[in-house]
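S.K.: Those protein sequences? They're chains A and B, same order as listed.
Note that the working numbering has the first sequence beginning at -6, numbered continuously upward.
Note that the working numbering has the second sequence beginning at -6, numbered continuously upward.
Worth double-checking, as some hints may not be accurate.
Since the list can't tell identical chains apart, any single copy or any two copies may satisfy a pair.
Under the rule of at most 27 Å between Cα atoms (straight-line distance), these lysine-lysine pairs were calculated in the DSSO-like manner [as the list claims (entries may be wrong)]:
| # | residue 1 | residue 2 |
| --- | --- | --- |
| 1 | K23 | K57 |
| 2 | K23 | K44 |
| 3 | K0 | K23 |
| 4 | K86 | K352 |
| 5 | K57 | K291 |
None of these hints come from the bench; they were simulated from the model.
Number of protein chains: 2
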Amino acid sequence: MRIDAPKYTERFGSVRINEVQQVLQLDSGKPRTLPLRENVAVQKIEEDVIKDFEERMAIVIPTKDEKLKLFEGVVSGVPHECLIIVVSNSQRKRVDRFRMERDALRQFCHFTRREALIFHQKDPVIAQALADVGYTGILGEDGLVRHGKAEGMVAAMLMAMVAKKDYVGFIDADNYFPGAVWEYVRCYAAGFSIANSPYAMVRVLWRYKPKVSAGMLFKKWGRVSEITNRCMNSLVSSKSGFETDIIKTGNAGEHAMSMRLAQILTYASGYAVEPQELVSIFEGFGGVLPMAHQIAAKHGVEIFQTETRNPHLHEEKGGHHLLVEMLLPGLGAIYHSPLCEDETRGVIIEELLRQDAIKPGEEPPKPQFIAPLNSIDLKKFATIMAEHMESYSALEEEP
Amino acid sequence: MRIDAPKYTERFGSVRINEVQQVLQLDSGKPRTLPLRENVAVQKIEEDVIKDFEERMAIVIPTKDEKLKLFEGVVSGVPHECLIIVVSNSQRKRVDRFRMERDALRQFCHFTRREALIFHQKDPVIAQALADVGYTGILGEDGLVRHGKAEGMVAAMLMAMVAKKDYVGFIDADNYFPGAVWEYVRCYAAGFSIANSPYAMVRVLWRYKPKVSAGMLFKKWGRVSEITNRCMNSLVSSKSGFETDIIKTGNAGEHAMSMRLAQILTYASGYAVEPQELVSIFEGFGGVLPMAHQIAAKHGVEIFQTETRNPHLHEEKGGHHLLVEMLLPGLGAIYHSPLCEDETRGVIIEELLRQDAIKPGEEPPKPQFIAPLNSIDLKKFATIMAEHMESYSALEEEP
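In isolation and in its complexed conformation, chain A is listed as follows (with noise of 0.2 Å):
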């Protein structure tokens, strides 16, 4: 695939942000023995440098209760190589949808001979391993891992980590185009490949999102990503002295990361989640605070911002509810954090009055954070969860 250099760069204490870079082409052909000049602007990544990382790379795909069409659709558009990894919340009483779930993915990695892990994010052997290493955080009262998107992401990075993976990307499951999540793999893979840092993270952007309505209006970005980068940048503009608007992927819910990265975030819960990436990653390497970490400050983490060619068609559900609801916890992570100063408060108390997500004198919640990977002994966690593995594989071997 081809897509544009780096063109600028803002620096954050050790924390590189890049500028948007666009996809030129899903499929830049052959390697050329003699190739043509390319163009200083444009960074070409062969297919044996996107399928060597696909092939270290997890692809997590969260789902609760979606479509089976559209479930079955997102997971085969996912590239060969990588290792799919379904966490589900479905329901499993009355219809038993998980299980419609799993029979569709084993169906699906019967055909097309490849690998993949299942699992439902109440599984008592998952939750009985976490007790056992000490990373209660994300269990609830019944001893099980919470409900939330969050929850589950963390418990599959987890599995990811168990099944030796460098990388994890995460995909939602309500995309109408396989060949959409198709494009965000190699996006994912083209930023890893292009990385200095060990320490790196890709963050997706849609071209268009499609607001499908009558006489269909593709709608440049949505409300919710619009208000959460205005935030976001205003908090990285106080630190740096300089207004900018480099943030574009505030909420990116596609998205993926070095496993080095993700074992040294701090996360929270439910919509925040994705904010609060890029929040733990200022506080941790902004230079404001302590570094989280001594080796990754030394390397340097690494934001890619990569814009896909394909828009992005997804279910709608709701609509000013949802805006506030997912609109919130993402404001909230930015709020609250060390960082945030009088001047960032003042703008997303400002957006939040406006949206009637706050009534005046009100505060936007505080995350529920969610302790670091590194923080339990994962070998530990990998020893207990080894001998269980085969039974969240989709693909039975005949023997």
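Assemble the complex: chain A is given as a structure, and chain B must be docked to it using the hints.
M.R.: Below, chain B alone, put in the same frame as chain A:
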């Protein structure tokens, strides 16, 4: 990629019509030295095989005053190895839209280092070359190539021949998803790679053709296709004596042919072009009428129908009016075929009356035919065009 192996093939004289094959996986990863046992029902096509076929393929994009953003997106989705041939019938007066398209294509080719040709349907050089070799069937009274998608397609096929391509595929310019375009081309390549005859055609159908409206409904099949397929199947059934619904792609705009097949078919003007291709094959090689080409008859003509993973999302243009406008010529092509007997004629008349497309007692229009490309001296045409080819190239090589 992985697609269904062809499970059933209907034979009609020397014509082999394969049942619909579904795409299982867009990206089947690296070639394996020690592969897991493949399922017998699945065909895995390796990346390098696909790219080898793409290298020998021209992708024709007919366009007419299409939104530039859509045009650019479609172009960006075509795999790099293919030669893009844009045939534009866009306006040149007032706003020179053709120039805008050429500029956009040049910019794209410049940054992605790829080859493409672009010409205007009313290009006087091409018209003169056609006149010189006596291929006047697609020329209008002004001596230039007539308006109409079919005429543009035929001119583009001739250009693909001059460029010495072995395969030619068509992609409409009004597609919202570059990732879907990419998949179509892979379906073409996959089809040719499993074909046993050098006379092969691949026709694409969409998993869903999303009917975009409030609430977003993904409706399977368009109305026009449904009716055309029914009439086409009636034609085939009447000859074989067995009911069949094998034809699912009567109107497929996304389709590709080996050049050897493309050269020997009779085409039709306007919206009849895609159904007429099938009718021409049935007439020429169905064994009812004399064989149209002895070598092709010996090899047999193979038709593949591939159902994509990606849904199809394109510009909606018009309602019932368009339905009639698209339906009438296609059914006309079937109705006026010497193969068409009374029963199928009855089915066609019935459908057209139901759609208010004709009045009682009327018949659908007879298609305007375009002679096969091999009716001219192709070598002479190529010689005339050879010295002009550079002027159609979108990639200007720096010294």
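S.K.: Determine for every hint whether it applies to the structure shown.
M.R.: Checked hints:
no.: 1; hint: K23 - K57; result: neither (39 Å within a copy, 31 Å between copies)
no.: 2; hint: K23 - K44; result: both (13 Å within a copy, 7 Å between copies)
no.: 3; hint: K0 - K23; result: within (26 Å within a copy, 32 Å between copies)
no.: 4; hint: K86 - K352; result: neither (39 Å within a copy, 57 Å between copies)
no.: 5; hint: K57 - K291; result: neither (39 Å within a copy, 55 Å between copies)
Of the numbered hints listed earlier, those contradicted by the structure are 1, 4, 5.
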